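Number of protein chains: 2
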Amino acid sequence: MSKEFALINALRGLATHSAARGLADDCAVLDFGGEALVITHDMMVEGIHWLPGQDMADVAWKLVATNLSDLAAKGAEPVGVLLGFTLGKQDDRFVSGLGDALNAFNVPLLGGDTVSANGPRSLGLTALGRATHRPVPSRAGAKPGDPLWITGPIGAAMLGFEALRDGSGGDSTAFRRPVPCLAEGLALAPLVTAMMDVSDGLLIDAARMADASNVTFDIDTAAVPFPADLPPSRRQEAMRWGDDYALLLTLPPATAPPCPAFCIGHARMRMSSPVIVDGAVPQGALGYVHD
Amino acid sequence: MSKEFALINALRGLATHSAARGLADDCAVLDFGGEALVITHDMMVEGIHWLPGQDMADVAWKLVATNLSDLAAKGAEPVGVLLGFTLGKQDDRFVSGLGDALNAFNVPLLGGDTVSANGPRSLGLTALGRATHRPVPSRAGAKPGDPLWITGPIGAAMLGFEALRDGSGGDSTAFRRPVPCLAEGLALAPLVTAMMDVSDGLLIDAARMADASNVTFDIDTAAVPFPADLPPSRRQEAMRWGDDYALLLTLPPATAPPCPAFCIGHARMRMSSPVIVDGAVPQGALGYVHD
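Chains S and Y supply the protein sequences, listed in that same order. Under this note's numbering, the letters of the first sequence match residues 6 to 296, in that order. Under this note's numbering, the letters of the second sequence match residues 6 to 296, in that order.
Here chain S stands alone, though its shape is the one from the complex (with noise of 0.2 Å):
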């Protein structure tokens, strides 16, 4: 853990632009022609990112969607993406489901990479977009005061993991084949104080964002969007959980958001902990920590 954490010290001391403070986090923009340009690159890894046997169409669906939350939180609108694909089992199914992502999401394959390898795949992909905002939202502008909202619910990822891991026969849509929130981010993106995409779990990215603004939030478990059938036993769970990528953000107080978004909490003067979960410090684990 602790050489992982200072390698991702060490790549960020290289990295000269500021969006890249943010590597492994966030996207990079970058003025390209009198436009900002938004670029991301995530990686999925066999085992880690997805159940072995696992439907590579899904797993395909999953790699664009979850490159394209990134932009939706940046307000963007997708301009292409590229792939890096190692080659494998159940390739066909994997260009069925890239093409099924790409067709619903409109977004271009630009191109990419493939290489053989043996032992666990990795995928990446790059997906890059067009801010629709200036100034591009970020996670660092949440002021004190500021209501916190989120546009859907939490937890319905993980139920989902568990459907599919347990072949129990329930919905596992909401792991398998995630949406970004795109429209919400294009139409959020002129009135928020801060947003980003919740990959990682609701309490872990909030804590992020709280580092980011220097704000502290509090959150009430009450207003928490929940799936209907998670047992209210498991609430603080699936905070911690991710996959949901869903948009948190923060709007100014009086300003009502363009979407369905429900306020989970608000900001106040940072404290010593990032977030406060029904007036407490949370114990334990934020939520899944990047390698």
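Calculated directly from the structure, the hints in this document are not laboratory data. A quick note: this is a predicted structure, and the numbers were derived from the prediction, not measured. Accuracy of the hints is not assured; some may be wrong.
Note that identical chains are pooled: a pair holds if it fits in a single copy or bridges any two copies.
Computed list of lysine to any residue pairs in SDA-like fashion (alpha-carbon distance at most 25 Å, straight line) [unchecked claim]: (1) LYS94 with HIS54; (2) LYS94 with ASN123; (3) LYS148 with GLY39; (4) LYS148 with ASP216; (5) LYS148 with GLY124; (6) LYS148 with ARG98; (7) LYS148 with ASP223; (8) LYS94 with ASP283; (9) LYS148 with MET276; (10) LYS148 with CYS268; (11) LYS148 with ALA217; (12) LYS94 with ILE53.
Mind docking chain Y on chain S? Use the hints.
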């Protein structure tokens, strides 16, 4: 082989942008904000693209250099790179070599992702550039009568690879630390009828340019620049070995190159073979064939 070829074709079928017809071969070129954005993504896999035990600083350098070489062939100035990195051994050496390359080529690390995985590691790099001349050079513009030029020696990487593999003490720099021809690409872009970088071997890359341009190239082995220590008996082999990262280009007949370059043949009306070497159709594989 046929399965892999089918996959590449399936991916190309998904690629709606014309540039992506060159998936796994070439850069994409996108109009963005009135400028031409050039973007490429290449992967390297342990045991395939680098020797197990090789210094990861050299691997990092090569990952950057090979992607920038793709930009060079488009006459593009690099504006940044994104890294997809699998954690493993020698991560500190990787960071060191990455820093060397970013400094040497004056390009910022914009972002990326890191993952953990067991088994052979794979690395991906996305490089972004700004084209300095329109139309952006492609492989498709060579015309019968155009002389064929190359900017650097062929075979140095092969000798370097062997020196490294065998621990002979010979100079392995050309294999370990290739230098993309960025300045040459900028100078050549306004003049060329076609241009690409030589990555998989002179003959196979020339054949790709010939196919894209619908011409046949006559290549004269005696005119090809080889390293002084390459035995003449190995020249045909060297023309089938990759990793040299020179630029291969055609110019109109009366145009002199603005940088050091060697005229190694010329384009003629298309025949059945894309390349003719010393007056005959070359036998056997022309170079490294991508998966």
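Is it within, between, both or neither when you check LYS94 against ASP283 at 25 Å Cα-Cα?
Neither. Shortest intra-copy (46 Å) and inter-copy (43 Å) distances fail the 25 Å Cα cut-off.
Intra- versus inter-copy proximity for HIS54 and LYS94 (alpha-carbon distance at most 25 Å)
both (16 Å within a copy, 21 Å between copies)
Could you place LYS148 and CYS268 in one of the four classes (within, between, both, neither) given a Cα distance threshold of 25 Å?
Close inside one copy (15 Å), not across copies (64 Å); limit 25 Å.
At most 25 Å between alpha carbons: which applies to LYS148 and ARG98, within, between, both or neither?
neither (46 Å within a copy, 41 Å between copies)
Within a copy, between copies, both or neither: which one fits LYS94 and ASN123 at a CA-CA cutoff of 25 Å?
both (11 Å within a copy, 18 Å between copies)
Is the C-alpha distance from LYS94 to ILE53 at most 25 Å within one copy, between copies, in both cases, or in neither?
The answer is both: 17 Å in one copy and 19 Å across copies each meet 25 Å.
Can you give me the call for LYS148 and GLY124, within, between, both or neither, at a CA distance of at most 25 Å?
neither (47 Å within a copy, 45 Å between copies)
As a check of your reading, is LYS148 near ALA217 (CA-CA no more than 25 Å) within one copy, between copies, both or neither?
Within one copy only: 11 Å inside, 56 Å across.
Within a copy, between copies, both or neither: which one fits LYS148 and GLY39 at a CA-CA cutoff of 25 Å?
So LYS148 and GLY39 fail the 25 Å test inside a copy (29 Å) and across (36 Å) alike.
My question is about LYS148 and MET276: at a cut-off of 25 Å on alpha-carbon distance, are they close within one copy, between copies, both, or neither?
Within one copy only: 13 Å inside, 69 Å across.
Go through the copies and call it for LYS148 and ASP216: within, between, both or neither, with a Cα cutoff of 25 Å.
within (12 Å within a copy, 59 Å between copies)
Within, between, both or neither: how does the pair LYS148, ASP223 come out at a Cα-Cα threshold of 25 Å?
within (13 Å within a copy, 68 Å between copies)
Comparing the model with each numbered hint stated earlier shows that hints 3, 5, 6, 8 do not hold.
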